[in-house]
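Please arrange chain U on chain F, whose structure you already have, making use of the hints.
The chain contents come next:
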Amino acid sequence: MAASAQPAPVRATEPVRRTKKAREKSNKMGYVFVAPLVIGVLAFAIYPMFAALYLSFNQTSGAALNGKWVGWSNYRYALHDPIFWKSLYNTIYMGIFSVALGIVVSFVLASMINSVKWVKGKNMFKGIFFLPNVISAVATTLLFSFLFFPTKQGVINFVLGTVHIDPVGWFTDPRFSRISIVLMSLWGALGYNTIIFIAGLQSVPRDLYEAAEVDGAAGLKKWWYITIPYMRPIFVFMIVMGTIGSMKRFTDVWLIGGTAGNPSGTLLTSVLYIYRNAFLAGQMGLATAASYLLFIVILILTVLLLRLNRKKDSFD
Amino acid sequence: MKKTLLVSISLIMTLTIAACSSSTSVEGEPTKPIAKKSDMTGTVRVALAGWQLDNGIDAQTGAESIGLNQFLKETFNKMYPNIKLEIYQIPWENARAKQYAMLLSKDVDILYTGGAFASQWYQEGLLRNIDDLIKADSSFDPGIYLDGIWNNSYSTKSLDKTHQYGLPAILGRRMTIYDKKLFDDWGVPPLSSKATPEEIMNAAMKMTGKNPKTGEQNYGIYWSGNSLNGSTIVGLALAFGAKGAEGSLSDMKNIKWQLNSPEMVKVLEWLKKMAPYAPPGFVNGQGAESFGVAKNVIAIGLDQSGGATMSDFRVNKDKANLDRFVPAMNVGPKGETWVAVDPFVMAKDVKDQKAAWEVMKFLAGPETQKHNYKYFASTPTLKNPDFITAEDKFVKEALKIADVAHSELLDEANPFYMSDIVPAINGFVSQAAKGNAPDAKAFLDDLQKRAEAWSKNLK
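Line order of the protein sequences matches chains F and U. Count along the first sequence starting at 1, add 3, and that's the number in the numbering used here. Count along the second sequence starting at 1, add 330, and that's the number in the numbering used here.
Simulated from the structure, these hints should not be mistaken for lab results. Nothing false has been slipped in among the hints.
Keeping only pairs whose Cα atoms sit at most 16 Å apart, straight-line, the calculated EDC-like set for lysine to aspartate or glutamate is:
id: 1; chain 1: F; residue 1: Lys-155; chain 2: U; residue 2: Glu-619
id: 2; chain 1: U; residue 1: Lys-491; chain 2: U; residue 2: Glu-738
id: 3; chain 1: F; residue 1: Lys-155; chain 2: U; residue 2: Glu-546
id: 4; chain 1: F; residue 1: Lys-71; chain 2: U; residue 2: Glu-454
id: 5; chain 1: U; residue 1: Lys-786; chain 2: F; residue 2: Asp-84
If we strip away everything but chain F, and leave its shape as in the complex, we get (with noise of 0.2 Å):
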């Protein structure tokens, strides 16, 4: 009995002695594991990012890598180009107003949901909230040029007109046609920005609220100085990835306003200016120039955004 209460040696605590030769063996399998991964990402990605640098050094016709070497050449045309600032600026006053816009109103829309108690009604708004982010971006502009037709034919200028209001021109009025697109795209992105929000509202622990309620908060004292700073990293993670969607604007001001981003230009954005460039004039270095431009912008925002989300708060 004693003899048999003899512990046994403890292997688990012992170093791993393995033998040279079986650590190779299991490095090459993992490299074999992860190989069309690697090779994947070098052919698609990498070599890609590397050859568009090369391009942009380059006087191209079509996307040949056998150009002409003409160094900063199509960094300075793109800089000097008022058409490059313009597009930029539409792109950044756009990308503002739906990223502030989409994260307020869909934040707030995933409090309302979250806070219903009936699961299965739950379940139903956020399933209608999320159906149009299962429109295609062709079919929901298409739908929007109805909507927003200039004339009373139009369904919104239609409502507008039954309290003797005159028609507007969302997408053919300078004033009015960037705001426009701000909320087509609201409307588009709705459904996936609430859905992350709502996951986010689910994690915040209970315990927090029984304490608040302990101390006497109420409803909109709680959302306000507990919900709101506990969502601080799914907000950072909104802004960042909206940030960037928005600065790669395309379809839906291509799709309303043409080549011209019209009108006046109000629509064009940076990747618009990038396509006329790559497909309209066959300038492949003057557009992968101004693709690294928009890349520097792009990674100067997310790193200003991220570097905001450094301060600490009391849940860190």
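Chain U only, in chain F's frame:
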């Protein structure tokens, strides 16, 4: 309960499908037996932008259409039983990128594509000349094609016009069409058969406002304010004698831009004056949804095709609308304008050249053009298309315009024209529509500077 519901739904669906399906099988028109033409062997890879391969139903008219697959089975496959066709259908929306990728990866022999794409790919060396194939083939007669197209289109000819690289297959229709009823309502005399910009302007200005008979809001004119190729700009430039540039498209570095010439100023002044007489949505290509049908409120449409009127006629067999909408030549001095041509072209690295040439000839030839006209209302590029129906006055007018067509430097083959000039002028027009367009000369001076900088950047 669930089973009963399931059976009921299945029955309803079966009945619905049976009721909606055709009672007869889709068959091609009875034609004379096709004889074998050659024992030539080979495999040809064909990429077609936008063609319909399978049989289907026209969404507007409800008529059954024969797709390319059945057409080829009944014709080409019998003529060349040993040539195997590998056909790839590509939607127009992303045809440019996909066909370009196919050319770069050498996965295609023959392409049907947009004229501007073809011209650009030819300049990049991705397409081959077909001069040698034409010369060696005594059975091929270039004389079947419209002279204006065969001799002048950059969609099939090199920029210096010394080499042929494509065969014209389908023509774009762009003509002036006016609504005779609205002209009568307003008491305005009809346009002449070759209406000039001045004549159009005078008429359009009189017909904007409340229709004196119906009380509806009418608009004097329409053109697409966000057109990709700016065909209206080309027509007006021809009408006012504005060249836009001097030199050759094959040497863009040394082109001499003349964008701020007095003639170009006239073009912009005309657009500026006319913009307030168009429906507000025209700056985004909207507002002409009813042009060509009974509910129309626009008096004159520039660069119109007549497609809606012909579809309406095919559905209702009512000639009232057909008589109401009258085509006229375009605004150029001879009634000409820029004419879009979508060609068949051959890849530089074609695998089986002889077989590919036979396929290319057939697909751009009269038999296929007849098929495309009959089932898809495509406009032929032929000099004598005897298959055009008597009522189709729009295609007849388009052929007259195409026959006098000629290419100038303001063309979709001109990269700066497409990427900057057209968008800039479209932007100018959208400002004019709001009554705040800049001074035309100052605007063109700025455009001229940008064009010069662009060319300089190429050096």
